[in-house]
Amino acid sequence: MAKYGMLIDAGRCTGCGACRIACQMQWQLPPEIAYNRLEHREKGTYPKVKWEITPVQCQHCDNPPCLHVCPTGATYKRSDGIVLIDHKKCIGCKYCMVACPYGARTLDHEKMVPEKCRFCADYVVQGQQPPCVSTCMNEVRVFGDLEDPNSKINKLLATGSVYQLLPERGTQPRIYYVKR
Amino acid sequence: MDSAVTWKRVSLLMMLLGAVGAGAILLFGEDVLGTTDGVPWGSLIATYLFFAAASVGLTLMASLWYVFGVEAFKPLTKRALYLAIISVLMGFGAIGLELGRPLNMFWLIFSPNFSSAIWWMGTLYAVYLGFRILCVYCIYKNDERKVLTFSRITVVAGLLAVSNLGSVFGNAQARPFWQGAAMPIYFIIVALLTGAAILIITFAMLEKAKPLGSGNGEALLPLLGRLLLYFVVAFGFFKFWYLSNSIYGVNPGTYEGAKVLLSGPLSLQFWVMEVGLAIMVPLFLLARPNSYTNGKLLWAALISLAGVFFAHQNFVLAGQLAPLQVIPGDTLMYQQYQAMPAEWSIIIGGIGALIYFSLWVEQKYFRSTAAA
Ligand code: SF4
Chain A
1 MAKYGMLIDA
11 GRCTGCGACR
21 IACQMQWQLP
31 PEIAYNRLEH
41 REKGTYPKVK
51 WEITPVQCQH
61 CDNPPCLHVC
71 PTGATYKRSD
81 GIVLIDHKKC
91 IGCKYCMVAC
101 PYGARTLDHE
111 KMVPEKCRFC
121 ADYVVQGQQP
131 PCVSTCMNEV
141 RVFGDLEDPN
151 SKINKLLATG
161 SVYQLLPERG
171 TQPRIYYVKR
Chain B
181 MDSAVTWKRV
191 SLLMMLLGAV
201 GAGAILLFGE
211 DVLGTTDGVP
221 WGSLIATYLF
231 FAAASVGLTL
241 MASLWYVFGV
251 EAFKPLTKRA
261 LYLAIISVLM
271 GFGAIGLELG
281 RPLNMFWLIF
291 SPNFSSAIWW
301 MGTLYAVYLG
311 FRILCVYCIY
321 KNDERKVLTF
331 SRITVVAGLL
341 AVSNLGSVFG
351 NAQARPFWQG
361 AAMPIYFIIV
371 ALLTGAAILI
381 ITFAMLEKAK
391 PLGSGNGEAL
401 LPLLGRLLLY
411 FVVAFGFFKF
421 WYLSNSIYGV
431 NPGTYEGAKV
441 LLSGPLSLQF
451 WVMEVGLAIM
461 VPLFLLARPN
471 SYTNGKLLWA
481 ALISLAGVFF
491 AHQNFVLAGQ
501 LAPLQVIPGD
511 TLMYQQYQAM
521 PAEWSIIIGG
531 IGALIYFSLW
541 VEQKYFRSTA
551 AA
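Heads up: the protein sequence lines correspond to chains A and B, in order. Those letters in the first sequence? Residues 1 to 180, per our numbering, in order. Those letters in the second sequence? Residues 181 to 552, per our numbering, in order.
Hints in this document: simulated from the structure, not taken from any laboratory. Accuracy of the hints is not assured; some may be wrong.
To be verified - Lysine to aspartate or glutamate pairs mimicking EDC-like chemistry, simulated, CA-CA at most 16 angstroms apart:
id	chain 1	residue 1	chain 2	residue 2
1	A	LYS155	A	ASP145
2	A	LYS77	A	ASP62
3	A	LYS50	B	GLU210
4	A	LYS88	A	ASP108
5	A	LYS179	A	GLU52
6	A	LYS111	B	ASP217
7	A	LYS111	B	GLU210
8	A	LYS3	A	ASP108
9	A	LYS111	B	ASP211
10	A	LYS77	A	ASP122
11	A	LYS111	A	ASP86
12	A	LYS43	B	ASP510
13	A	LYS111	A	GLU32
What the hints assert, rightly or not - Residues from chain B that keep clear of chain A, each with C-beta distances beyond 12 angstroms, as calculated:
id	residue
14	CYS318
15	GLY444
16	TYR545
We treat Cβ as the ideally placed atom computed from N, Cα and C, and that holds for glycine.
Chain A with its partners taken away, still in its complex shape (with noise of 0.2 angstroms):
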């Protein structure tokens, strides 16, 4: 069974936000919500500033917080680690949006469920790419199955130094960052 992760190398990321605009005409969001989303911060000082850009997502956490405090198990995670919402489920008390250390759900008004990225489930499965990562002029994305051996993200994972966002909250991310 596949494991997915992702590796981000944020050094890369230009801030285009192609991947925030795929990410909505994948889900056929309206312009207000998205599933991802850039952190700007400016690092340094005059006159050695730099402008730093993560990317940032559902961490598809092993030991998801959001999951655990939703009352009706709408919030469940799949066998290939991908969490997901149960939609029917939903009574919408937004306590995983509360929960969530990543600020990674967003409220979607019209079905008024709290939203977040989904991996593309349905479609990695088939062997595509999220199209986040597809559509990413610098490749800032990795995607792939994290118990094969032989996927690029693990041999890129195998290679690099990276590290995750808030290990000390014991949420255990799916997605690794590159370091920079």
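Since the structure of chain A is already known, use the hints to place chain B with the ligand on it.
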């Protein structure tokens, strides 16, 4: 009963306002609320906390006689029981409006997640309300033995429900300002404070309505005043140590949450509405038990209730206005939240409904039995 008629009219107007707000929320959903992705829980959650904690507080006050046998509190028990039921129903109303998809709640039964504090909250409050209603039914049937049994069960269920309410927040490890074992204790203190204040208002009003009133307020009110004083002191004590430790410890998230209250975007609301109304003014009015008058007690209770509402709002917001630090080293800006008219109208409507139904029960049940 001129004042009762006036209060009924005022409370009906308040309910009407609440109904308009509820209609707006049902029609336009989240768009008429001040909540955002960064601050998903707002004033409706605070309203729910207020009523849900008040209900258990009233139950605990009633238990002073039913469970602990303190004779002095016997006259307040029945009124405390019906007020507890009305209050928890108002709380359910507020959270029902806050839920985006309340019709899916049947999944709480068919697909329960036992690791969720909200699942336990719903279950414990449902059990609590069920036994509370059974209690009232047995009182109506004059079955004292069952009243005692169900009262004991209700007190346990109520204590579990309100402390679990604290753990809904205490469990949220992404929000360090809320997180921790102190929250369940805090909610019990607030529940007691709210319950005592509501009973003081009820009995002070009954005293005013004499000779029709049969509230035994003369003996009860000073006692309740002392209790309220103790609960206000406990509340202030908790706040002082919680916030000073949060500031002193400089733990990420906890520190920022405390700063939101002490010097951040909620500082005015914290110092004036919470410290001022929930702690300082009631302390000033209640500090000398020998000087208690019904008017003084009534004001102390009313003001502390208003303060407690803002305390709930501050508590809910402080945990969220302090932003999540996702990227190490980020310079963070406070999240924004502004309660919208629809939210205020629900708060006003909820209080109106509490007044209206209390008067209704008073006239329908207590007056008719007193007359008989
Ligand atoms: S990142 Fe947030 S929404 Fe995604 S699985 Fe983890 S806790 Fe849930």
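ask   = So which of the earlier hints does this model not fit?
value = 3 and 8
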